[in-house]
Structure formats: structure tokens, C-alpha cells
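A.B. asks: Single-letter residue listing:
There are 2 protein chains.
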Amino acid sequence: MLSHRGNTMPASPIRRLIPYANEAKRKGIEVYHLNIGQPDIPTPPEIFEAIRNFPDKVLPYGPSEGLPETREVIADYFRRYGIEVSPDEVFITTGGSEAIIFSLMAITDPGDEVLIPEPFYTNYGGFAHMSSVRLVPIPTSVEDGFRLPPDEVIEERITERTRGIIIITPNNPTGTVYTREEMERIGRIAKKHNLFVFSDEVYREFVFDGKRHTSILEIEGIEDRCAVLDSISKRFSACGARIGFVVSRNKKFLDALLRFGQARLCPPTIEQMGAIAGFKYMNNFMQDMVDEYRRRRDVVYEEIMKIEGAFTLKPEGAFYTVVRLPVKNAEDFIIWMLTSFSVDGKTTMVAPANGFYATPGKGEDEVRIAYVLEVEKLRHAMEILRLGIERYRNEVEG
Amino acid sequence: MLSHRGNTMPASPIRRLIPYANEAKRKGIEVYHLNIGQPDIPTPPEIFEAIRNFPDKVLPYGPSEGLPETREVIADYFRRYGIEVSPDEVFITTGGSEAIIFSLMAITDPGDEVLIPEPFYTNYGGFAHMSSVRLVPIPTSVEDGFRLPPDEVIEERITERTRGIIIITPNNPTGTVYTREEMERIGRIAKKHNLFVFSDEVYREFVFDGKRHTSILEIEGIEDRCAVLDSISKRFSACGARIGFVVSRNKKFLDALLRFGQARLCPPTIEQMGAIAGFKYMNNFMQDMVDEYRRRRDVVYEEIMKIEGAFTLKPEGAFYTVVRLPVKNAEDFIIWMLTSFSVDGKTTMVAPANGFYATPGKGEDEVRIAYVLEVEKLRHAMEILRLGIERYRNEVEG
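Protein chains in written order, with the numbering used here: chain Y, 1 to 398; chain P, 1 to 398.
No wet-lab data here; the hints were simulated from the structure.
Hints are supplied without guarantee of correctness; some may be wrong.
One copy or two, it doesn't matter: identical chains are merged, so the pair holds either way.
Stated by the list, open to error - In silico DSS-like links for lysine-lysine, alpha-carbon gap of 25 Å or less: (1) Lys346 <-> Lys57; (2) Lys57 <-> Lys252; (3) Lys27 <-> Lys377.
Generate coordinates for the entire structure from the input sequences, incorporating the hints supplied.
C.D. replies: Given below as C-alpha cells:
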């Protein structure tokens, strides 16, 4: 009965082990969730207030491209970064997810190829599958902090079916922030080979140690062949709002988004009120939030360094890091943590990194850690992870 | 730069004439919108209250399949109709739109075909395009109230690529409610030819004159090959909430929906609170809402009967009707109404029906009227439409 695409659609590696976590909880174990990018930081009260103050008696469809005010505050937001964007160049989506699938569909046909540095945010794999597009991985590795490889490594993967390149900066899952030089290289390659650049900048603010984020919108010469894919989920700690957006200066591309968007009518109306408030009052909360993630990054990195045989470089941004663990199979280890290990009734869940790679066999001994808990809990969760690894190596793999 | 699917994605016929309406409004003309199914009926206050009372400090991701409570109240809702549904058989989507695209993708691969009685809710065309699926229209016509044609007319359209059949009851855009006998015929054909039935029952409650709605879930022998596609948008006058759902007893199909759903993480969280309240307190408002639509239906039908040369049968359900107008090209007429006609500073906008047909050339002289305004405004809007037709026939076509 099912289609091939239905049968072979991959389950989310972030979510598919959740049944094990639920089973642990049923047995009374508390699970520290470092597997999913669901922050515990309170959503700014300005956002809830705007949602509560929705003034109308009818909860109506909005425009397919988003409410005018949502588009305006996002254009203003980019202007504060010195990036000139007009409201017409902003298209509001239902979460960053929809920004991805609409953008992919606007540029690719079934059978086309898109390049993406690997490991990558796993749901790109899901959306490529749904769009019948093949993701072609560009190899990067934990040893050199997941930096982009030389041009020729990228260019030798370009075929006549290649239509675009996806870049995630700050990167989910690696925490790498691409330098301006790396972004310019992407731009040059895109121009040379007639590719479109999809730049996922969801974590734009989460950049540490004085580094500076470079948006694809700042790169010259590719104005007509790039789009920013974005979302308020992480920036405003409002994952459940499902408000994302695309920014592009290519009018034909925007028009295709609009036609895709008309089919699904509109993004959520009330939660756009929250998004508008978030962008308006960002100065009230953003710096505190970034500082908090920087402290957590420090704790996670410190604790990883205590794990014998584990390896990672210090994450530069976002709130993730990919770590090589001293275990043969990270997924088996994660399941074991949920089914057979706890400290004082608590255990820790991380995400297997193999699901973030398109190349079979890669990332088998790596995990993604999302540092989305407050410092004290995070330290405890990381200690439990370390103790689990020690026990697992001795008793299971030993 | 754009893909074929991006270039050829159809614009919504309901929305693509909106620039003409906006232009009319800029000139100070008030536009009665009978083009879009956006009701003016207040969203029940219970729904807004639930949204306002969201208790948590963080607006988090929910489960990809929807919150447990949302799935439970929907299972209860079906039980009140005597239809046994378990919460596990309910999958919450971001609007009915997502229910459509996920269900299509679970059953079809690019190049497959799906049957659908024509005219049909235009966005099925959009979603089929996005899924690279061909919709094969089953002809129906205004003369016989858009009833299903005999089995052989349906069966002769089945090829080896046909994977399913879409049925919308009560129908958007025609207002037809399929009888139990018609639903059983669909079931028999689906079983005989190994097809999946997608049954869009968004307007389940909006059935008039003592007629009874038959759900696909009541049809025996196709339990493993059907799904209900549904949404709270119209039932609760909450189009902007973007909460829909799929109900099916096919576990593999539900599992495919879950994997598609994991890629987009979750449907909106806060607006599920509203949906839960809507289903809990339905008895407080549903009958009044249905009575109101019945009164409007009567007004629309009465007024159509006054238009010389117009034709339709009395709509049985939903809040639409497709009318043949005495004009050569309905779209030209609609644009003329927005650009060149008004009565006391007001004009009326309806949707061209050609966009609801897959067969080129069909529906050119038909429009869809959505009776989504209160009785007095609706009567005035319909009078303006009648006067517009008279003038247009005399001065433009005459």
C-alpha cells in the first residue's frame, strides 16, 4: 500500500530513540535530554504577552507570505546587522522546516543533487527525501573542527544534476561558525558552477569568544542566487511556535515560495504575534541568552575533556557539539544508557551522530550533544555520561 | 535558476486575484470576500481562553504526532459519532494542508496518479504538484448537483499508476454531500483496484436539511486502505490556528506519517491547546454555527435564483457552492467587478471555478461562492453580484 518514499523515509535520529527514554521514565528514571535542541530557557515574557493579547474575535487566515508586520520587523532585524533587507524579501514559513522544503522545491526537481557539508542537521535528509532530491555530502571531520575542505574537494562533487549547496552557520550539529573567507569561497563556487546557496542561519546570535557571524546576504556577487533559511525557535526559545522565514533577493524564487505557500494557505497567525514581539524586544533578552549558552558551552567542553578517549574541538557557536566517543557504536551505547544505566535515578540521553551523516558507516562512534540545560543540571548530565562511558567500556565492550 | 516544479507550481485561484481586491481597497472600495473560506463567525471564546492560559514558561516542541491530549479529544469526538477511533490512530498535522501532503507522499511516488472528482478543492492540485503526482479528474457537473458518475466512468480512469482516490465530503467547492451509497461505491472500487481512499471531511458538521454525513471510517472492508483528512479551521472558525489531523487504522501508513512528521518536528503547540478546548466544548457552539451556515446557504441560494441565466442546485453542506454564471469568462468578470464596478462604494469578490478543475477549459463560466458573511452582508454582496452580472452582460459582453 505504501509508496517507496513512504517506506524509505528515514526516522529522525534525534527522535527515534525516544521510546527508550519513555520506557526509562516509566521505570522512574529521570532522563537528561541532551539529544534534542529543545532549550529549557524561558520563552521571553514579551512573546507570551503578545500571544495573550491577540485582539481579534476571529482567528483568521493570514497572508500566505506572512503578516506585513512580521515581515517588517524581520527586515528591521537584518538592518540592525547592517544588512539591507526589504519586507518584500522576507517570506514567513511554518517553522524553519517549511523554509527548507519550500526552498529546496523551488530550486530542485526530483533526481537533482544538492551539496551539503557532512555531518548536517538531520532533517535536511528528511526534506531531501520528501523532495526526491539527493544530498551529496562534502566531508568534514571532528579533528579539524569540521572546517570546509579545499575547493577541489567540493568542486569534484559537482555534476550536471547539482543545483545548490546548503550551508549551516553556526552549524547544527557541529557548532562550527564558518569564517567570512569560507562563506566567500562558497559564494565563488556557487557563482562558478551556477548553484543556489541555501544558508541556514538559525543560530546567528549564538556565536562565542568574540567571533563574528557572516551571513550569506553579506557575500557580494551572489545576490540573485542565495537565500537565508531561518527560524525563531532557538533565538527566542520558542520551538513550539513554528515560525520560520526565508530571506532572498531573487524575486522569481520568492514568487515560487509564494505559490508553494498559497497551497498551505498561511503560517500560524497568533504565533506570528509572538514572533513580532520577539524581534521588537530582542534587546531585552538576547545578550543574556547568548551569555547563558556560552557558559553552558564551557561546561560541556570542560566535561568532555574529562572523558578519557573522547575528542572534540571547542564549539564556536550554536548550542551543539559533535564528539567522538571511545565506544564502537554510539547508538548501542545510547540505548544502553537508557535501558541499563543510571546514577541516583538519573541518566543522560544524547543523539547518535550517524544519523547526521549521509555516508554510510560515518559517525558511528560520534554523538551530538545539545547543551540545552542549565549549568548545574548540564554538569550532572555530563558526569553521568562520563560514568556511563567508563562502565560501558569495562562491562559491555570490555 | 528555478526548478520546473518551482516554475510551474500553480498560484491559488482563490488567492491569486487578491492584488485586484487590494487595489480596489486602495481606491476606497469595500470588498465583500466570498472568494475565500474565511468565516466571519467568532472563534469560540473557549479556544482563545485555552490559548491565553498556556501554563508553561517555555513554548516547547511537542511530539511529532501531536500532544497526547489532542489525539485523545479527537478520538472521543469520533466516538460521539459512533465511530471507534483510538488516540494512536490520530496524527496531528499543521493544518489540513499538511494532512494532505503527508498522506499523498505516504501512498504515492513521483509519477503516480490519484483520482479525484472534479471540480475539487484547488490546493489538492498544488500538493499533487509538490509531490510530483498526477491528479486524474473524475467528471461531475453542476446540472446533476455534482454527484459521482457511474462506476465505469471512474474505473476507466484507473491505470497501473493509480494509487488512490480523493473524496471530499461535504464537498469544497460544490457543497455536495456524498450519500452512504456513494461512499460504499468508492470503497468497493478502492478494494477492487487496490487503491487507498483519502477522505477529506473537514466540513463534517456542515450538513443541512436533515441529511446525514457518512465518513469513510464507517465503510466496511477498507479499514486498512483509507484515511480521514481533517482540520479544525472551519469547524471551530479558527483558520489561522493551523491545526489539522489524519485518522487511519493502517499502522504502516501512520508510521510513515510519523517519519514525515519528525522532519518538521511538530505542529504548533499553543494552538493545540485551542484545538483541545474546541473539541471539549463543541456542544456549546456547534449547533448554532451549523444553523447560521444553513441560514446563509438559504440566502445565497435564494439570491442565485434571482440571477437570470445562473444555475446551481441547492447546496447540501460545507459553506460553498459552484454556480454557472451567464458570462463567457468568469475570471474576466471577477476582475471587472474589482476594477470597474461597485454599488455605494462596495463590490463583491468570488473565486473563478476554472482553478478547481484539472481539465483545461472546464469551469470557465463558473464561480465558487463561499458564504462566509453574516446574512445581511451576504444578501447585499449577492445583490451586488447580480447587479454586476447584469451590467457586465449589457456593457462589456453585450
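A.B. asks: State for each hint whether it applies.
C.D. replies: Status of each hint after checking the structure:
1. With identical chains, the CA atoms of Lys346 and Lys57 are at most 25 Å apart between copies only, with a shortest distance of 23 Å across copies and 46 Å within one.
2. When the C-alpha separation of Lys57 and Lys252 is checked against a cutoff of 25 Å, the pair qualifies neither within a copy, at 36 Å, nor between copies, at 40 Å.
3. Taking CA atoms no more than 25 Å apart as the test, Lys27 paired with Lys377 passes inside one copy only; the shortest distance there is 21 Å, against 60 Å between copies.
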